[in-house]
Amino acid sequence: MRLPRWFHLLGSPPFIYKLAGKVTPWLGVISCVLLAIGAYWGLVIAPPDRVQGEVYRVLFIHPQIAYVSVMAYVVMAVAAGIGYVWRIKLAHAVAVTAAPIGASFTACALATGSLWGRPTWGTYWQWTDPRIMSETLLLFLFLGYLALRAAFEDRDKADRVSAILAVVGVVDVPIIHYSVIWWNSLHQGPSIMKLDKPSIAPEMLTPFLIMVLAFTVCFLWLLLNGLRAEIVERERDSRWIQQLVEGANG
Amino acid sequence: MELCARELSVWRGERCLFDGLDFELGPQQLGLVVGANGSGKTTLLRVLAGLSAATSGVISWRGSAPDSLPFEQRGEIAYRGHLDGLKRDLTVLENLRFYAAIWGGEMNLDELVADLALSSAAHVRVRYLSAGQQRRASLATLKLCAAKLWILDEPTTNLDADGRSKIVGWVRAHLASGGIAVVATHQPDEFRQRGTVLVEL
Amino acid sequence: MAPFLSIVDRDVRIAARRLSEAANPLLFFVIVTTLFPLALSPSSDEIREVGTGVLWVSTLLSSLLALEGLFRSDADDGSLEQLMLSPVPLGVTVLAKITAHWLITILPLIALVPILALSYSMPITALPTMFYALMLATPTLSVLVALGAALTVSLRRGGAIVGLLVLPLTAPVLIFGTRATDFGLHDQPTAGPLYLLAALAALALALGPIAIAAALRVGME
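Protein chains in written order, with this note's numbering: chain A, 1 to 250; chain B, 1001 to 1201; chain C, 2001 to 2221.
One thing to keep in mind: the hints can contain errors.
[To be verified] DEER-style ranges, computed between Cβ atoms:
{"#": "1", "chain 1": "B", "residue 1": "1146", "chain 2": "C", "residue 2": "2199", "range": "39 to 45 Å"}
{"#": "2", "chain 1": "B", "residue 1": "1200", "chain 2": "C", "residue 2": "2135", "range": "54 to 60 Å"}
{"#": "3", "chain 1": "B", "residue 1": "1083", "chain 2": "A", "residue 2": "85", "range": "27 to 33 Å"}
{"#": "4", "chain 1": "B", "residue 1": "1111", "chain 2": "C", "residue 2": "2203", "range": "45 to 51 Å"}
{"#": "5", "chain 1": "C", "residue 1": "2024", "chain 2": "B", "residue 2": "1172", "range": "57 to 63 Å"}
{"#": "6", "chain 1": "B", "residue 1": "1130", "chain 2": "C", "residue 2": "2016", "range": "22 to 28 Å"}
Quick caveat, the hints were computed from the structure, so don't treat them as lab data.
No residue lacks a Cβ here, since even glycine has one placed at the ideal position from N, Cα and C.
Please model the entire structure based on the sequences and the hints provided.
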């Protein structure tokens, strides 16, 4: 199968390094701006909720962080899978960068969710809630991936073995989504992903979506920054890196 | 029918084990792999057998890469490495019977065992055998598959003079009947004959 | 078919000669389920509710113990390499080994569960459901633990990490299994969770060996 040229460029570390270098400052600025706008809108401007009062404002942070954590796992699994099947080192680099970022987002999601839970459900933690369980399991999946990588000295082996684990773990991701439909739980049903009208008030919908975009861009920014560091580390013996270093020092 | 290696190079992590290896072996040819300990002989043999992948270069066994052989060709390569491949809790005969079932070999196992002077040990669990007996039992499995390519990693280790000459005889007979063999050894003169290709690492 | 049976036969034969090793997970199972009431000191009503969870978690941990070394001895003595090079597809080999170990350690465990369930004051009427649930769930558990074993086959101290890798993946099985048992306990329809367990088992048995074989190939390089 003849692949187009841009596909080959996508697998070239120097190309991606330079491209990412140009893009990340913009991503950083955009994410900061969006976060500021969304946060102000959601936390200050939007009206209080009929039922939950002011506390509901975590709606502008928690679901977005949780969504990004799941997306991070998918990015990691897809990248690892591509790296495994087509033996592209850069794809493995993406996976390895996405993992700690995803783990952090997952931990934040659990923390913000727990803070939300206390005033609304009366408890910081509800073991029987499927969403909490799945998010916790997602955290363990990230940690398992990182632990498995760390156990191997040969980086190439580590890449490929953990790719298999990541792809198998991706089965957990749909279960998170469908678990809300399958069981009674304290969690709200999906308010955005339903195909009919979303059940969230329009004044709240816009900042909600802005924050979704904001956290997504934030994730991409962190990912590309981390990816550049990972590329430098993996390619440290290659000529183009040596030239970069000399150029920087000279 | 031939085994071909072109521009074969293997890196493990950041260490280059060998680079730019080229050779070709046709029927009745023996490839002797020699080199110091740690020079990559075992790795080369594992790559040829299809257990590991080379970093770059091409290996072809009858036109296919050894690590992606079509199933019909799977019985054609026999690899015997440093490990015996025998289950220590089974007897010699049980191990041989198992491999006969796996490789689809039809052989009189009692004769095979006698040929290698293992008759007295045939019903003994492998864990109670001496190193030489274990090595002989492991090499016995070579006759259970009708393999055309034999890849042997230091096959005469632990063997006494009788055992060594038996194995050398087997390799010679295999080659004479049109087979190909790659043998890694510290004593190349034992195996050397006409048509031997020396691969030095 | 014949190679599959040969491999099952071989593994069962070896296990029969190392009976004490095969019995370890079983003993572990009994001890853990005995320790729980000691630690929880539940009342006689509570103990029934706790029983489902305890038995399922114990099954899970015992499976982990039983199968985390599934490939290690074969990797160590070179027979795994030989099987990988043989005409037998590696997926078939994997399935055969999982079957053998399921027969050796898990099936006896499932046979013990009714006795332990009774000790947890579970009514006899709940036992068939628990039995079906375990029969459907344990293949999936075995496949997942085997995956962990394959991923860590080349690591010297791989056993320690298998739990971390595998236990999160087993959560859906645990959920449906305990749900089914609980429904059975309270005379509610159990078809739903049981069908889901069956679906997971089908998925695991169909796709698991592929992933396990891939992991073994990378590990044995």
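Structure-based check of each hint:
no. : hint                        : verdict
1   : B:1146 - C:2199: 39 to 45 Å : holds (43 Å)
2   : B:1200 - C:2135: 54 to 60 Å : holds (59 Å)
3   : B:1083 - A:85: 27 to 33 Å   : holds (30 Å)
4   : B:1111 - C:2203: 45 to 51 Å : holds (48 Å)
5   : C:2024 - B:1172: 57 to 63 Å : violated (49 Å)
6   : B:1130 - C:2016: 22 to 28 Å : holds (25 Å)
Of the numbered hints listed earlier, the single one contradicted by the structure is hint 5.
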